[in-house]
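S.K.: Quick note, the sequences are listed as chains U and D, same order. One gets our numbering by counting positions in the first sequence from 1 and adding 123 to each. One gets our numbering by counting positions in the second sequence from 1 and adding 22 to each.
I should point out that these hints are in silico values taken from the structure, not numbers from a laboratory. Only a predicted model underlies this, so the values are computations on that prediction, with no experimental measurement involved. For each residue, glycine too, the CB sits at the ideal point set by N, CA and C. Treat the hints with care, as some may be off.
Dumping the calculated DSS-like pairs for lysine-lysine here, alpha-carbon to alpha-carbon at most 30 Å [to be verified]:
1. D:Lys273 / D:Lys454
2. U:Lys235 / D:Lys26
3. U:Lys235 / D:Lys40
4. D:Lys40 / D:Lys135
5. D:Lys192 / D:Lys135
6. U:Lys138 / U:Lys351
Covered by chain U, per the in silico footprint, the following chain D stretches (three or more residues, Cβ under 8 Å) [claimed, not checked]:
7. 167-175
8. 415-421
9. 493-506
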Amino acid sequence: MVRKFDVSTSWLQTKELCRYYRRGPHEVRAVDRVNLYLERGEFLGIVGASGSGKSTMLNLMAGLDTPTSGRIEIDGTALSSLTRRELAAYRARRVGMVFQSFNLLAHQTALKNVELALYFNDTPARARRIRATEILERLGLGDRLDHVPADLSGGEQQRVAIARALVKGPEVLFADEPTGNLDQVNTEQIAELLAGLNRQGLTVVVATHDLDMARRYAHRTVRMDYGKLVATDSGRTDGEPGQ
Amino acid sequence: MTFKDLILISTGNLWRMKLRAFLTISGVVIAIAAFVSMLSFGAGNQRLIEQQFLELGLFSTMYVYPPDEEDVDDSLAAAVLDQQAVEALSAIPGVNLAYPLEAFSVTASLDDKQADTRAQALPGAAVQTKIFSQLVAGSAYTGDSAREALVTEDFLEEIGVDSADSALNKKLVVSVQVASIDSGLTRVLQSLGERVGERAGNFNRDSLRSMEYWQRAARQEMGGAMARFVNGYLNHRATVSDTLVIRGVLKGRHGHRLRIEPVIIPLATALRFNTGGFTGSPADLASAFGSGDFFAAVSDSTSKSYRRVTLDLDPHVLYQPVKDSVEARGFRTFSFAEQFDEIRRFFFYFDLALGLIGLIALTTASLGIVNTMVMSIVERTREIGVLKSLGADEREIRLLFLVESGAIGSIGAATGILTGWIITRIASAIAKAVMEDQGIEAVELFALPLWLVLIAFGFGLIVSLLAGFYPASRAARIDPVEALRND
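Work out the full structure: start from the sequences and follow the hints.
M.R.: See the structure below:
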């Protein structure tokens with residue numbers, strides 16, 4: 124049965140969202156009047172070529188970037204109405220981010236990298252260590268706790284990055300090209316991991332240029348081109364990724 | 023993020039770039055060490071003077087002088103510093119003791135050695151004050167009329183006695199040559215007959231009508247009489263001697279601000295040398311003529327006026343009210359406490375100048391901190407972006423870098439204070455060796471009081487925080503999207 128999503132019950136909603144940059148004399152319309160919604164528990168794929176605006180879209184939804192115009196509403200609250208501290212708290216408690224290049228701190232161990240995400244949501248030091256260890260073990264990295272990123276494979280590094288995003292128990296995970304730097308085997312593993320997390324109830328938004336992967340794993344796929352949302356496809360049926 | 027987290031992350035970051043952190047901290051260490059060692063020199067000297075003042079009780083000592091002649095209004099009776107005034111001064115609240123300066127020239131003989139020196143008469147109570155109680159051997163004399171004396175180490179050195187202890191209980195023969203007005207007047211009267219006969223022999227009747235003749239004759243006779251008086255006064259002196267037992271030896275006062283005469287005699291005992299008149303020294307004569315008490319001084323000791331009276335004050339009383347009270351009586355004052363205030367003011371400006379030099383060094387070091395922090399931010403831009411994506415707000419990023427520069431300042435200041443202390447210990451050891459080599463009593467020229475430690479540490483910390491403020495603000499403003507795009 125195809126899962127139905129309804130804009131009226133959405134967790135996140137964008138309205139006429141725009142993000143324009145100035146590059147020299149030119150104006151770059153990275154996101155141009157995008158209307159999008161995201162429902163709780165959904166796996167949303169945002170696909171598009173490089174420069175289509177999908178990363179900017181994720182940054183805007185994660186509260187890392189500020190729109191030029193338009194609105195982003197989370198549970199009915201406009202992100203633009205939040206102060207910078209409230210916006211930081213939103214990132215610290217409600218969303219997790221995963222990047223193409225992992226963005227792990229090279230001088231810290233896997234455990235420390237994961238713990239770092241708990242520094243900004245008032246988690247006590249002892250609980251930080253316990254929770255970081257638990258999540259790494261859950262993702263199969265129990266024997267890699269004291270390894271620095273340089274000693275880990277690309278797939279392991281991305282799993283550490285996912286652990287860092289998940290350790291704070293976010294409501295939504297934004298993943299920007301999470302498999303962009305990985306080989307086929309690791310790509311499959313990470314995609315499976317994200318789908319599995321989604322099946323456990325986590326809302327996942329993945330920006331990728333891999334339309335096939337998006338269609339296989341996402342409930343819904345939106346396509347962006349030159350900053351505009353050009354198409355929406357329904358994806359996998361619930362509980363059966365890869366079909 | 024707790025403060026402990028901030029400290030741990032910041033020190034961890036410093037540890038990560040050890041060489042750069044070491045070089046930056048070294049700049050702070052050098053600046054703080056220079057600051058501490060320079061101010062330590064000022065503090066040491068100030069403490070040295072303060073110790074001397076305390077040791078001698080100078081903070082509670084005040085000198086009283088007669089008014090300046092220029093300041094005295096002829097229409098009013100000038101204040102006279104006589105026995106009556108001494109009693110009035112001792113009655114001022116806060117004054118423990120008032121005693122006049124009675125100093126005169128003596129010849130002192132010890133064993134077979136003899137020296138022309140100065141003696142000072144002091145009441146027994148005055149000998150108990152701190153100024154005169156710095157004894158290196160023996161004790162104070164037993165009473166005002168005791169046939170005893172105190173001598174200074176300087177006197178023993180002059181007379182050739184090496185050990186203070188060996189001088190104790192030895193007999194000191196003090197001799198004073200006393201001249202009297204009688205001897206001067208006798209000389210004038212003796213010659214009076216000769217002068218009258220001489221002038222009568224040369225008598226010229228016509229001259230009697232000339233006013234010029236009378237004026238010239240009066241001038242010649244007055245001048246002649248004065249010369250004969252002085253001649254008789256100085257050449258017909260009697261020697262008064264007394265044998266006293268040396269009861270104590272006072273500390274030497276080489277180059278000291280406080281003048282103490284080499285021989286100290288009990289007040290009543292000293293009167294024996296004074297009843298016959300002046301000792302005949304030019305200084306005594308000039309003083310007596312100057313004060314206008316020449317005749318009074320010899321005829322009546324109670325109406326004698328003094329050149330100086332010393333007040334020993336209650337140490338718990340402020341000097342200013344006593345000074346005001348004394349000056350209201352028409353006298354001039356000299357207060358060591360007031361002088362110390364001047365000295366302290368001087369040291370304040372001295373320390374300020376030294377501190378400024380240290381601050382210049384610290385400013386240079388702070389540029390090193392700015393440079394290190396800016397470099398650190400450039401290198402850690404992506405890390406800042408990651409922290410922001412994880413939920414760090416601008417305040418936390420700012421604090422992270424401020425704590426890092428504060429850590430550089432704290433470590434640098436603490437090490438700088440220690441280094442400065444080591445430098446002062448080395449300089450002090452060298453200075454003491456040089457002083458001993460020169461035959462000067464070795465003194466400690468440096469001090470590291472708590473206030474200096476706190477100020478040095480505070481300066482190090484504040485300057486480093488100020489230096490870190492700009493880089494920290496810059497780090498806080500970094501756009502996370504740009505920072506993450508960096509790679």
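S.K.: Could you tell me which of the hints above the structure violates, numbers in ascending order?
M.R.: Hints 4, 7 are the ones this structure does not satisfy, whereas the remaining hints hold.
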